[in-house]
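Two chains, two frames, some hints: make the complex.
Chains A and B, in that order, give the protein sequences. Numbering-wise (my numbering), the first sequence opens with residue 1 and increments by one. Numbering-wise (my numbering), the second sequence opens with residue 1 and increments by one.
Check each hint, because a few of them may be wrong.
[Unchecked claim] Heads up, incomplete: computed chain B residues facing chain A, CB under 10 Å, no partners named: (1) N64; (2) I77; (3) K81; (4) I241.
Since the hints were made in silico from the structure, they are not lab data. Glycine included, each C-beta is placed from N, C-alpha and C at the ideal position.
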Amino acid sequence: MKNLFFATAFLLTMTSLNSKNLSIGEASPCTVTIVTEHESAFSGTYTTTRTYHHPSYEMGSEGCNNFIETMVNIRLSVVYGF
Amino acid sequence: MKKLILSILILHSLNFFGQNVIVEYNVDNFNKKYTASLHTNNVNSCYRIKPAKVVNKDTLTRLNDNTYLIKPRSISIPEKKIYTKNHSSIYHVVIIQPNKEVIIARDSVPKIEWKINSVNKKNILGFDCEQAIANYRGSLIEAYFTTEIPLPFGPYKFKGLPGLILEVNSLTDKGYYIWTADKLEFLKASNTEELLFDESEYDVDIKSLESLIRKFEINLKQVNKRTESAMPRGTTVDTKIERNSIEKIYEWEK
Numbered sequence: 001m002k003n004l005f006f007a008t009a010f011l012l013t014m015t016s017l018n019s020k021n022l023s024i025g026e027a028s029p030c031t032v033t034i035v036t037e038h039e040s041a042f043s044g045t046y047t048t049t050r051t052y053h054h055p056s057y058e059m060g061s062e063g064c065n066n067f068i069e070t071m072v073n074i075r076l077s078v079v080y081g082f
Numbered sequence: 001m002k003k004l005i006l007s008i009l010i011l012h013s014l015n016f017f018g019q020n021v022i023v024e025y026n027v028d029n030f031n032k033k034y035t036a037s038l039h040t041n042n043v044n045s046c047y048r049i050k051p052a053k054v055v056n057k058d059t060l061t062r063l064n065d066n067t068y069l070i071k072p073r074s075i076s077i078p079e080k081k082i083y084t085k086n087h088s089s090i091y092h093v094v095i096i097q098p099n100k101e102v103i104i105a106r107d108s109v110p111k112i113e114w115k116i117n118s119v120n121k122k123n124i125l126g127f128d129c130e131q132a133i134a135n136y137r138g139s140l141i142e143a144y145f146t147t148e149i150p151l152p153f154g155p156y157k158f159k160g161l162p163g164l165i166l167e168v169n170s171l172t173d174k175g176y177y178i179w180t181a182d183k184l185e186f187l188k189a190s191n192t193e194e195l196l197f198d199e200s201e202y203d204v205d206i207k208s209l210e211s212l213i214r215k216f217e218i219n220l221k222q223v224n225k226r227t228e229s230a231m232p233r234g235t236t237v238d239t240k241i242e243r244n245s246i247e248k249i250y251e252w253e254k
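Chain B with its partners taken away, still in its complex shape (with noise of 0.2 Å):
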């Protein structure tokens, strides 16, 4: 009775105040551990990291007697806006810092082919959810969703279930992989204009995603090239690059 009424009140709430919600994630992602927030309403979302600077203490760590690890001193987590629409582009803006200079890009989304299994279910933040289970770019993943706030976004670009996520782990790298919604509010004010992406308020031009995965990935392998002039005289070397991010295949790679 007590939950028919609470979520009454919520749909009531929802309703009333234009279905704005915003909820606030702990992340952690391939060991860096941040906060993000989601706006969303029923069409729209947006999902923002704040900039943040991870240090890491060992920067140079023997694994075993010939290998050994390098890390960079220190990672900027650039701000980031991910605005995200039912069935339609992704559009990400990245700004980074010191010069504030913006890089958008235009990600497509494959509609996620979720598997709801009712039976396992959690309680995150007083909201009954179930777990749901997606192959996502390449990445096995489990996604606890309310359907007590029926609004079908989630963290980063995850969407397409009945209900607001509140958790997701990456089940192919388990415990790399973790959004863990922390806070969750409901806006008294709708406010549709913070979740839309508007190009006229950048003057950049808009890139593919995958143009700019392959120029990174292009100059990954070139700066690896040019240390090969510096190694010692008869030096053989193997390499493998892996991307290690829960996007492991593109849609362009297959």
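Only chain A is shown next, with the shape it has when bound in the complex (with noise of 0.2 Å):
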């Protein structure tokens, strides 16, 4: 019973020591969230959650960056013209 639960207990450090290595040097893939409201006369106001990833690209780079203002920029032309 004592080497079950060493055992279970090993086991389980090693997978959440290996699930932290997976994160580490990982860089984290580019990512945007845009909320939009909209009006309607019946129904009063909606929200629009879009969240944006672009694979290419990580957080903070100057790619990632440009994606995030293209992406506002789109969602400004949909709440203006909407």
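Shown next, in the form of structure tokens:
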């Protein structure tokens, strides 16, 4: 019983360490969330939450910043043109 | 004693003048503030919203590192009349500027199952009000009504209490949906015409509220879809659309 307990504890520790190692050194993909508000005369305010991901850019990179700017501009045109 | 005399006077004036009352409400509706009025007797009511424009100072707000909020530059609140009767359909008449386009919708709000909590009281405009709580189309709401004015209506589509509703708050979205009576007037002359929906006044087809809401929501999804062609290649997107109205779930969605 004691051995089973130690074996389980050992496995749990290894799993936890492995999952931590996996994330170390991995760059976070470029992500931006844009919430927009829209108004209906009959059913009030709606919010659309769109989360965009781009696998080619890392968060904080110039490419990611440009991507975020592009997506914000697209959503601005949607809200103003709606 | 004073209260008794006041109540007798009010009841007398209600009977004498055909039970017509006009209430003006201050409305805070998801950060849009405006006034609305309720003209009612004991059978019909007409709730009116005057056209207004709400200007958003901050249209683009950065909420955190990679989250943005975009609001419209301005929101036009159209002229709106909501005609209600005790036990029948509700009619919305919306007049959209600048062309004064009229859209009429028929709505059937199910009977609101109020739970009266007489312990919680409030004085509004000099009237003693009791609290009532109900689930209204997916939102938990509290209303304060006064039996001193025994009319079964209130602002928006709220009705079915043994007295006029002078305040409504959403308990689901606290602070986001508030109706508060600001002025109350007993009319000297009964004018029931203004309270009745007259289809012949308008040269448009009446649509169901369900069809109008479905159309708006389909349009919203299509606009989102159309922008996807402008996205840089390789982009993936997750979308969530939320209805933030006080009406969160309709009967046809259950």
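Cross-check of the supplied hints:
1. Interface restraint check: B/N64 against chain A, minimum CB-CB distance 9 Å, threshold 10 Å, status holds.
2. At its closest, the beta carbon of B/I77 sits 9 Å from a beta carbon of chain A; the interface hint therefore holds under the 10 Å criterion.
3. For B/K81, the shortest C-beta to C-beta distance to chain A is roughly 12 Å, which exceeds 10 Å, and the interface hint is violated.
4. Taken as an interface hint, B/I241 checks out: its beta carbon lies about 5 Å from the nearest beta carbon of chain A, inside 10 Å.
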